[in-house]
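Student: Please construct the entire structure, taking both the sequences and the accompanying hints into account.
From first to last, the protein sequence lines stand for chains A and B.
Per this note's numbering, the very first residue in the first sequence carries number 1; after that it's consecutive.
Per this note's numbering, the very first residue in the second sequence carries number 1001; after that it's consecutive.
Possibly wrong hints are sitting among the right ones.
SDA-like mimics (lysine to any residue), calculated; alpha carbons at most 25 Å apart, straight line [to be verified]:
| # | chain 1 | residue 1 | chain 2 | residue 2 |
| --- | --- | --- | --- | --- |
| 1 | A | Lys306 | A | Ile11 |
| 2 | B | Lys1197 | B | Ile1241 |
| 3 | A | Lys306 | B | Ser1146 |
| 4 | A | Lys24 | A | Thr165 |
| 5 | A | Lys306 | B | Gly1145 |
| 6 | A | Lys306 | B | Ser1095 |
| 7 | A | Lys306 | B | Gln1143 |
| 8 | B | Lys1197 | B | Ala1212 |
| 9 | A | Lys24 | A | Gly138 |
| 10 | B | Lys1197 | B | Arg1028 |
| 11 | B | Lys1197 | B | Gly1030 |
| 12 | A | Lys24 | A | Val265 |
| 13 | A | Lys306 | B | Ser1148 |
| 14 | B | Lys1197 | B | Arg1186 |
| 15 | A | Lys306 | B | Leu1094 |
| 16 | B | Lys1066 | B | Gly1030 |
| 17 | A | Lys24 | A | Asn151 |
| 18 | A | Lys24 | A | Ala141 |
| 19 | B | Lys1197 | B | Asp1228 |
| 20 | A | Lys306 | B | Tyr1149 |
| 21 | B | Lys1197 | B | Ala1157 |
| 22 | B | Lys1197 | B | Thr1215 |
| 23 | B | Lys1066 | B | Ser1146 |
| 24 | B | Lys1066 | B | Gly1022 |
| 25 | B | Lys1066 | B | Gln1108 |
| 26 | A | Lys24 | A | Gln227 |
| 27 | B | Lys1066 | B | Leu1087 |
| 28 | A | Lys306 | B | Glu1142 |
| 29 | A | Lys306 | B | Ser1140 |
| 30 | A | Lys306 | B | His1138 |
| 31 | B | Lys1066 | A | Val191 |
| 32 | B | Lys1066 | A | Asp199 |
| 33 | B | Lys1066 | A | Arg201 |
| 34 | A | Lys306 | B | Gln1093 |
| 35 | B | Lys1197 | B | Arg1135 |
| 36 | B | Lys1197 | B | Gly1080 |
| 37 | A | Lys306 | B | Ser1137 |
| 38 | B | Lys1197 | B | Met1230 |
| 39 | B | Lys1066 | B | His1193 |
| 40 | A | Lys306 | B | Gly1141 |
Just so you know, these hints were derived from the structure itself, not from any lab.
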Amino acid sequence: MNRLGAVLIVIVALCAVGLPFFLKPFGVYLISMWVVLTIAAIGLNLTLGYAGQVSLAQGAFVGIGAYAAALLMQAGWPYPAAFVSAGLLCFAVGWILGYPALRVQHHYLAFVTLAFTTLVFLVLRNEEWLTHGIYGIGSIARPTLFGWSTNNPRAFYFFSLGMLTLLAAGTWWMLRSPWGRAFVALRENSVRALSLGLDTRRYTLMAFAIGSMLGGLSGALYAPLVQFIEPNSFALGLSFNLLLMVIVGGSGKFFGPFLGALIAVLLPEWMRIAEGYYLITYAALIMVMMAFCPYGVLGMVERALKAAAVRRDPPMPAVHGEATGS
Amino acid sequence: MSAVLQVSDLRKSFGGITAVDGVSFEVRDGEILGIIGPNGSGKSTLFNCVLGQLSPNSGEVRVDGKVTTGMRPCDINRLGVSRTFQLLQVFPQLSVRDNLILAGQEHQGSMYSRLIGRADAGLGDAADQMIEFFRLSHLSGEQAGSLSYGQQKLLDAAMAFMAGPRLVLLDEPAGGVNLTMLGLLRERLQAYHAEHKATFVVIEHQMEFVMALCTRVLVLAEGRLIADGMPADIRRNPAVIAAYLGHGMANA
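Tutor: Okay, structure coming up:
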């Protein structure tokens, strides 16, 4: 991490803490949504961006987490227990969903996970005895933690921001450990990784399970944020939206999901000045962005910085008899 | 000398084609064994069966007397058998140093201990030494994908040595490498062999490379072993010359 990066992180952190004091409640709600969906996007970035396992199921895990937390709280569980259980449940389900990834990859895997998302949606809609079907679950309470009520929007925002900080720090730790290197190896060349002693099966399942767990924890925050959940929120649209966040931000870059979620949550709102055309404008902007920076916004920034560094400090000429190449 | 690797009556067929047809041989401790043969003679399939990447139809493989047939490649690797591939296989987005650390990290402790342990798994110094040994120091922090082909071949070989293996299987290490780099690669392999008393098995087409490097040579043709001997004898073996006719063996 260079100095520029450290300075940027401090500035962003200060903004994240100061911003809610200058925003109306709807603004606070929007940045809370950014925080909550960033957690899910970090999870997908782990599964897809680092470990290279295409998943269109992240929205389903947000749904499973949201429903699990809401139902457990209705059953009288304290929020922390419901939160942790939602995460563990998604870890287990994610582990199981990882098995197809041991056999199929890329767009085949995308279809497997897409089918899973549809399945989860059908369960949420049709199993009324458990999920209340299309009527959804309403009046989900925001938690009170150690006497601190998170009921007002700003308090809940800070609670979510704290959870994001913890989970992001944990993910950062994992990615800088040998596991991070192993996940990238899995993405780049799993056959070679296997021949170097990597238990690729276990790492693949872990990548799915941990990514899904982050989706579930995001859902467990989503439920008390919106206070009313229903199956349509967790249909394919959300999974595609999360995929968009990861790709637009910069897949396989640690801060990609933060930026991607910011763009996907706030851009459509800013586009409301275009009134009736706001979603069309948003869609057009996304297409332009993908055409000009296919490696995401952070990928583009990284390339620009690298190009600037090369101009300042040209690399050494070829060495060791490699001048002619081979 | 004891046998590091014992292969007995190994068979592997794909549909109607028998790629490896009852091959048996031993690799002795400390030798550099070459395996040569025309294209399609079953060399790479043999490697893949030995290393668990393919499961043979029949036959048995033992490493230090332990049966490894049916084991997964990662478990065989952790017994101390490493390899390089015929087509270049490094991790292009990882740095040279991270490629090497990755090649050793799974041999340290358990998967979960690595999660809480040091970022370089305690292998930073070993990686730097290996980088130095293969003359790649000036490229240590570069992404492996930005290296020239020859440099990547060196890195590929270095990765195979990173975990201090008992046995290294090199699949066409010289393929596509220019002459200067080839000299460096051969010299480094010999230096490693001398320093660590490691055992190598090398598949190679480049005759000069094989003759200079190997202490014993096996010849495969159509999935069968047709010769086994010292490099000089192999060169004169009529069956080998016949199998290689049109492949430039006579004037190698």
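Student: Below or equal to 25 Å on CA atoms is what counts here, so check A:Lys306 against B:Ser1148.
Tutor: 19 Å, holds
Student: Next pair to validate is A:Lys306 with B:Gly1141; report whether the Cα-Cα distance is within 25 Å.
Tutor: Answer holds: A:Lys306 to B:Gly1141 is near 14 Å, not above 25 Å.
Student: For a C-alpha distance cap of 25 Å, please report whether B:Lys1197 and B:Asp1228 respect it.
Tutor: 22 Å, holds
Student: Would the pair A:Lys306 and B:Ser1140 pass a check requiring their Cα atoms to be no farther apart than 25 Å?
Tutor: With Cα atoms ~17 Å apart, A:Lys306 and B:Ser1140 stay inside 25 Å; holds.
Student: Within 25 Å, alpha carbon to alpha carbon, are A:Lys306 and B:Leu1094?
Tutor: 16 Å, holds
Student: Holds or violated: are the alpha carbons of B:Lys1066 and A:Asp199 at most 25 Å from each other?
Tutor: 20 Å, holds
Student: When you check the alpha-carbon spacing of A:Lys306 and B:Ser1137, does it fall within 25 Å?
Tutor: Judged against 25 Å, a Cα distance of about 21 Å means the pair holds.
Student: Does B:Lys1066 pair with B:Gln1108 here, judged by a C-alpha cut-off of 25 Å?
Tutor: With a Cα-Cα distance of about 21 Å, the restraint between B:Lys1066 and B:Gln1108 holds, given a limit of 25 Å.
Student: Can the restraint linking B:Lys1066 and B:Ser1146 be considered satisfied, given a maximum Cα separation of 25 Å?
Tutor: 40 Å, violated
Student: Assess, step by step, whether the Cα of B:Lys1066 is no farther than 25 Å from the Cα of B:Gly1022, and give holds or violated.
Tutor: 20 Å, holds
Student: Quickly compare the C-alpha distance for A:Lys306 and B:Gln1093 to 25 Å and report which way the hint goes.
Tutor: Satisfied, since the Cα-Cα distance of roughly 15 Å is no more than 25 Å.
Student: Below or equal to 25 Å on CA atoms is what counts here, so check B:Lys1197 against B:Arg1028.
Tutor: 12 Å, holds
Of the numbered hints listed earlier, those contradicted by the structure are 2, 23, 27.
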